[in-house]
Amino acid sequence: MRLHKTGILLLILMTTIQVFSQKNKSTISGIVLISNYKPGEAVSVALKGTTYATLTNNKGEYKMNVEPGDYILAITYVGYKTIHTSITVKQEGKIVSDITMQEDIAALNEVAVKGKSKVQRVREQAYNITAVDLKKTYNSNADLNQILNKTTGVRVRESGGMGSDFNFTLNGFSGDQVKFFLDGVPMESFGSSLTLNNIPVNMAERIDVYKGVVPIELGADALGGAVNIITNKSVNRYIDASYTYASFNTHRMAVNTRFTNKDGLILNLNAFGNYSDNDYKVDVSIADKTTSKFLPEQKYRHFHDAYKSGTIMAETGFKDKSFADYLLVGFVMSGNKKEIQQGRTMDKVAGQAFKDGEAFISSLKYKKDNLFTKGLSLNFNTTYSLVNNRTIDTSSRVYDWAGNYTYRNFGGASDKGELSDRKTFYLYDERNLLAITNIKYEIDDHQSVAFNHTYTGYKRKETEEYKEVIDLGEPSFDKNILGLVYNVSGFENRFSASAFGKMFGFRTSTANKGETESTSSTNYGYGATATYHLTDKLQTKASYEHAYRLPSSAEMYGDGGVTITSNTGLTPESSDNVNFGLVLITQKNKHHFGAESSLIYRNAKDFIQITRVGNTSSYKNLQSVRVTGIDGVLRYGYDDLLTFEVNATYQKQVNTNKFIKREDLEVPDALYNAQLPNVPIFFGNADLAFSFKNIKYKHDRLTLNVSANYLDAFYLTWPVLGGLETKKAIPEQFTQNIMASYSFLNGKYNVAFECRNITDVKVYDYFKVQKPGRAFSVKLRYFIQ
Amino acid sequence: MFINKFQKGFALAMLSLATFSCSSDDAAPVQEPNTTNSKYVASYWLADYTQYILDFNSVDRLMTGEISAKGVGIEFGGSCFPVANTFFALSTEDEGSVSFHLNNTGKLVAGDKLALESSYVVGYTDDKRMINIGATWDGSSSDYELMIYNPKTVSIDGRKFNDFAVSSENKKILYWPTGAAVSGDKLFVPVYIKDVTDGTNKVLSSDAIVRVYKYPSLEYVTTIKDTRTAAIGLYYTNTGIVQTESGDIFTFSSNARAGGYPVTAVSSGVLRIKKGEDKFDANYFFNIETSTLKGKVIAAYPLVGEKVFISYIPNDVDPNSPVYSFLDSKPIFKSAILDLATKTVLPVTGLPDHGGDEFFGLGSMFVEDGKAYKSFVTGKEARVYQIDIATGNAKAGALLKEGLYLPAIGKLTY
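Chains as they are written, first to last, in the working numbering: chain A, 1 to 785; chain B, 1 to 414.
In short, the hints are calculated from the structure, not lab data.
The reader is advised that the hints may include incorrect statements.
Computed cross-link-like contacts, DSS-like style, restricted to lysine-lysine with a CA-CA straight-line distance of at most 30 Å [said to hold, decoys possible]: (1) Lys-698/A x Lys-748/A; (2) Lys-70/B x Lys-768/A; (3) Lys-293/A x Lys-113/B; (4) Lys-128/B x Lys-293/A; (5) Lys-348/A x Lys-293/A; (6) Lys-658/A x Lys-401/B; (7) Lys-321/A x Lys-59/A; (8) Lys-348/A x Lys-113/B; (9) Lys-281/A x Lys-113/B; (10) Lys-160/B x Lys-289/A; (11) Lys-661/A x Lys-395/B; (12) Lys-411/B x Lys-727/A; (13) Lys-620/A x Lys-771/A; (14) Lys-605/A x Lys-330/B.
Over the 12 Å line for every Cβ pair with chain B, so calculated as not near, a few chain A residues [stated by the list, open to error]: (15) Asn-167; (16) Met-333; (17) Asp-429; (18) Thr-586; (19) Arg-774.
Beta carbons are placed, not taken as given, at the ideal position from N, Cα and C, and that holds for glycine.
Model the full structure from these sequences, guided by the hints.
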């Protein structure tokens with residue numbers, strides 16, 4: 001209720017300021033000419049360092065309403081030299097003299113340079129970054145996990161169908177070592193109902209995957225990198241609605257809309273829902289009830305694996321105002337429920353256990369360029385989230401894969417549940433306050449400094465019906481991360497570099513039986529990035545970060561001991577991350593060719609790793625780990641007709657502990673220099689797409705896509721130990737997918753058919769956890785702009 | 001069926017060979033066609049809860065160089081027990097229990113698989129089968145299930161529930177089993193008493209108590225008690241009860257903090273149940289605490305005849321040791337050989353003070369040709385030691401490279 005009132009007040013306040021600010025704007029206008037004094041059409045005209053930008057009309061004319069002041073007018077046009085000119089806009093307005101652009105001979109030499117896409121510009125940053133363009137996948141039934149699984153260095157390990165648990169691995173680092181962001185806002189406070197496995201592709205424009213070195217503006221304590229999902233902001237008004245029906249009684253619905261009026265009032269509304277029975281077949285054996293003997297393997301259907309989730313995200317505010325480039329308040333409400341079909345492997349079946357969660361998130365976003373002075377910008381994001389999670393495992397039934405059950409022999413009122421060693425009715429409420437402040441100052445055209453402060457306050461309250469003593473009481477932690485970066489560019493923008501420092505403050509508090517235990521730590525990280533364009537086609541990159549990651553709530557506080565027991569003594573882990581990269585992009589006639597390759601090196605200390613403790617697991621600061629790897633991607637395109645991409649990743653992750661501690665002794669570690677267990681080592685993807693236009697109607701488009709995914713076998717336990725013949729392995733997987741989509745009326749109507757895992761091979765990401773086989777889907781999508 | 005006949009054939013062949021070898025010790029070796037081959041099999045437990053089942057051609061392999069799972073061994077969890085020419089890996093976890101055996105080329109291979117819901121106690125029977133007792137750890141049910149595992153068919157032959165509540169009026173004070181042994185038609189299950197009223201599984205002081213059942217019907221007969229010493233055995237290790245070659249049953253009471261018990265005034269020692277009887281022998285008590293060892297017996301392993309190997313904690317060390325020290329690898333334990341018939345003590349020499357057995361016990365000591373083999377953690381390293389049963393002299397053997405324990409060692413034939 002309070003939030004509601006605050007929202008109305010903000011709305012009134014913003015409207016008042018907006019009306020006032022409209023009265024103070026002046027008009028700037030002019031004409032741009034290109035070679036031979038022809039009018040330049042669709043030339044970009046912008047005021048540098050502001051959001052004021054427009055395109056010229058067919059007469060070369062442009063016009064913008066701006067606040068009076070001093071600006072740098074930037075005129076850019078593909079194949080022409082960019083022009084910067086200082087102007088002063090007075091109250092009565094400004095008519096700029098005609099501007100004539102000169103051809104850029106170097107750029108036009110030999111090849112016809114096309115304008116760089118936003119995705120390409122992101123890829124050219126000095127970071128080791130993969131920018132995934134989601135526009136190409138809008139008609140696909142895939143979720144964000146499946147899209148990301150196709151990128152170099154990334155392996156998303158799933159334990160089943162829709163809504164199943166997943167582990168995101170980036171260059172050998174996984175789980176919370178990789179941070180996720182939605183438009184720069186950390187997603188760790190969003191709960192399980194809003195994750196990569198249920199966000200529809202249509203909501204986002206692209207995904208930036210930062211490997212090893214993370215920009216300070218994300219304010220992240222990431223050890224292995226970060227994934228930033230960028231939602232679509234460039235289109236002012238649109239509706240994108242889609243519905244998918246797929247195998248295993250799977251339904252996906254998504255509606256994404258944006259409304260912006262002439263006065264800058266914005267309303268973003270995203271709603272999506274997912275449902276699946278996940279009743280796919282697996283190959284397992286069941287035991288005879290009398291003799292306890294296992295019977296031969298058979299195919300059985302998942303019968304308790306359904307998933308449902310729903311999310312509504314609403315955001316409103318203003319943009320392009322004198323007091324703010326944008327000011328938005330938002331609210332997210334989401335919930336999900338996942339039945340649990342099996343334990344750590346398929347040998348243990350459940351028919352009653354489930355997890356569910358709800359999240360309520362409010363947010364405020366503010367951005368202003370040229371605040372107080374030219375070149376100074378402020379960006380502030382804050383969210384407050386309430387997340388409720390439940391894990392319910394209270395049944396005394398013992399199921400088999402046929403869906404039959406008996407009652408547990410050993411299990412009175414509170415002994416074993418279906419999956420855990422004791423019955424569990426575990427509920428925990430999480431409260432997260434997050435505040436991210438980014439301040440950037442552009443010293444001149446080639447230099448800037450930026451500052452970031454990110455605060456996270458976390459508190460959990462847990463209750464457990466079957467356990468009289470709650471281990472941790474009400475644990476909480478605070479994280480304060482400060483970052484400072486200096487950016488410089490030169491050599492006609494062929495070179496750019498940055499140097500940064502970060503400070504990580506961490507304080508925990510655990511109340512237990514009236515006593516409070518606190519810990520605190522401060523760590524300092526630093527790094528640098530550099531890139532140089534050797535030629536117009538060839539770019540080199542290098543980046544380094546001494547990174548820290550602070551333990552997450554899940555790692556410290558567990559899930560009530562159902563699968564993860566708590567360890568409040570965890571300390572931050574650190575890593576020295578180095579990347580080298582080469583990027584080649586060229587084009588001849590209608591042939592486009594691109595290649596990228598990266599070498600990565602990671603040297604991690606106090607590596608937080610999940611370890612098995614009896615039937616559950618616990619996170620511990622275990623090891624020193626070194627990761628070395630190479631990945632590469634080749635891209636080829638022919639006009640708009642064909643695109644082909646193939647990529648591969650090889651990474652080696654070894655234990656660099658020379659000694660291990662045993663009680664109070666330090667003894668040599670016999671597994672020094674050994675490859676770590678249960679880590680994917682070699683994987684790759686290929687993707688071939690054909691696109692045909694104007695088949696039946698003008699501007700219609702038929703796209704045919706074939707993709708393949710390969711993962712080499714790897715071992716569940718230390719690869720050096722045991723005979724290979726009998727070793728527990730996650731087998732090699734090679735799957736192929738096909739998709740055909742048809743769009744007509746300029747992409748307004750879209751229909752797509754897809755078949756995943758067309759050869760219906762058995763697929764595993766985890767030991768003895770079989771994933772869905774062949775699946776079909778049809779997606780209907782309506783898009784209007 | 002074929003394997004069954006095959007095993008019988010080998011058993012007969014072995015028996016013939018053994019008879020022949022006993023009767024011709026002083027005679028010149030006679031070349032006989034080699035119809036029986038054997039291998040030594042050991043489970044090798046690593047700190048990360050993985051286990052590798054290794055096989056060796058010679059027992060010398062236990063005594064030389066290093067024992068390592070690098071590139072060798074079958075990866076399988078569970079508690080392993082050599083039984084009836086198989087190596088049974090008992091696991092209540094998802095993957096089930098598996099019976100391993102040597103195939104006709106001498107390769108150790110997995111046989112059939114069994115699903116066991118619970119296992120807290122395991123013991124051998126006279127007829128080459130095993131007892132398994134399932135229970136609820138938190139005491140939410142006082143009904144425990146006794147099972148007979150048949151290694152020949154890899155299945156459960158018999159099963160019966162029994163109420164382990166100390167009194168039928170209070171189901172929160174429970175007997176908790178620490179071992180099982182079968183002698184003739186009786187199954188003996190030593191127990192301690194625990195209170196689960198507040199959910200903390202509190203161990204109470206008690207007399208030496210054994211529950212007696214008929215075998216193989218598993219029908220409950222009686223509960224016998226003896227006040228001369230305290231509770232028998234340790235949680236999970238199955239090392240508190242031993243049947244010797246005479247058929248007598250001996251029980252071992254630690255009355256030690258290291259064993260997880262609140263210490264009482266009685267002495268740590270050994271009691272006897274004579275073959276065919278179902279009561280403690282009132283004339284037999286082997287007081288270990290006041291013996292020349294001046295210690296408390298923690299665990300016992302059968303050797304030959306009436307001899308057992310014991311690990312013990314000195315009387316003056318136990319009060320300063322944490323409760324349940326037998327789970328730790330800290331070297332605070334010593335060893336000795338007891339002749340139970342004569343109540344004589346032979347301290348083991350050449351074996352440094354060593355750690356506890358963690359949750360391992362039954363099956364971890366292998367006896368052959370007057371020598372006993374077992375792994376010990378002796379500080380920074382863990383090694384196999386060979387103990388001469390006659391002299392008590394221990395000799396250091398192979399170093400365990402990656403792990404700390406060989407929880408089971410056995411010999412299989414093919």
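Each hint, compared with the structure:
1. A distance of roughly 13 Å separates the Cα atoms of Lys-698/A and Lys-748/A; the hinted pair therefore holds under the 30 Å criterion.
2. The suggested pairing of Lys-70/B with Lys-768/A holds, with an alpha-carbon distance near 23 Å, which does not exceed 30 Å.
3. Taken as a hint, the Lys-293/A and Lys-113/B pair is honoured in the structure, with Cα atoms around 6 Å apart against an allowance of 30 Å.
4. With a CA separation close to 19 Å, the supplied pair Lys-128/B and Lys-293/A stays within the 30 Å bound.
5. Our distance criterion of 30 Å between C-alpha atoms is met by Lys-348/A and Lys-293/A, whose separation comes to about 15 Å.
6. Proximity of Lys-658/A to Lys-401/B is assessed by CA-CA distance (about 14 Å); at most 30 Å being required, the pair is judged to hold.
7. Distance hint between Lys-321/A and Lys-59/A is fulfilled; the C-alpha atoms sit about 29 Å from each other, no more than 30 Å.
8. This hinted pair checks out: Lys-348/A and Lys-113/B have alpha carbons roughly 14 Å apart, not beyond 30 Å.
9. A C-alpha spacing of about 23 Å is found between Lys-281/A and Lys-113/B, which places the hinted pair at or below 30 Å, so the restraint holds.
10. For a cut-off of 30 Å, the pair hint linking Lys-160/B to Lys-289/A stands: about 14 Å separates their Cα positions.
11. About 27 Å separates the Cα atoms of Lys-661/A and Lys-395/B, which keeps this hinted pair within 30 Å; it holds.
12. Only pairs whose Cα atoms come within 30 Å are accepted, and Lys-411/B paired with Lys-727/A is accepted, the gap being roughly 23 Å.
13. A hinted pair counts as satisfied when its Cα atoms are at most 30 Å apart, and Lys-620/A with Lys-771/A qualifies at roughly 29 Å.
14. The suggested pairing of Lys-605/A with Lys-330/B holds, with an alpha-carbon distance near 27 Å, which does not exceed 30 Å.
15. Consistency note on Asn-167/A: stated as away from chain B, and its beta-carbon is indeed over 12 Å from all of that chain's, at 19 Å minimum.
16. Listed as outside the interface, Met-333/A is consistent with that label: its C-beta sits roughly 37 Å from the nearest C-beta of chain B, beyond the 12 Å cut-off.
17. Non-interface call for Asp-429/A relative to chain B: holds, since the shortest CB-CB distance, roughly 24 Å, exceeds 12 Å.
18. Non-interface status of Thr-586/A relative to chain B is upheld: no Cβ of that chain comes within 12 Å, the nearest being about 47 Å off.
19. For Arg-774/A, the non-interface assignment is confirmed: its Cβ lies about 27 Å from the closest Cβ of chain B, beyond the 12 Å cut-off.
In terms of the numbered hints stated before, the structure departs from none.
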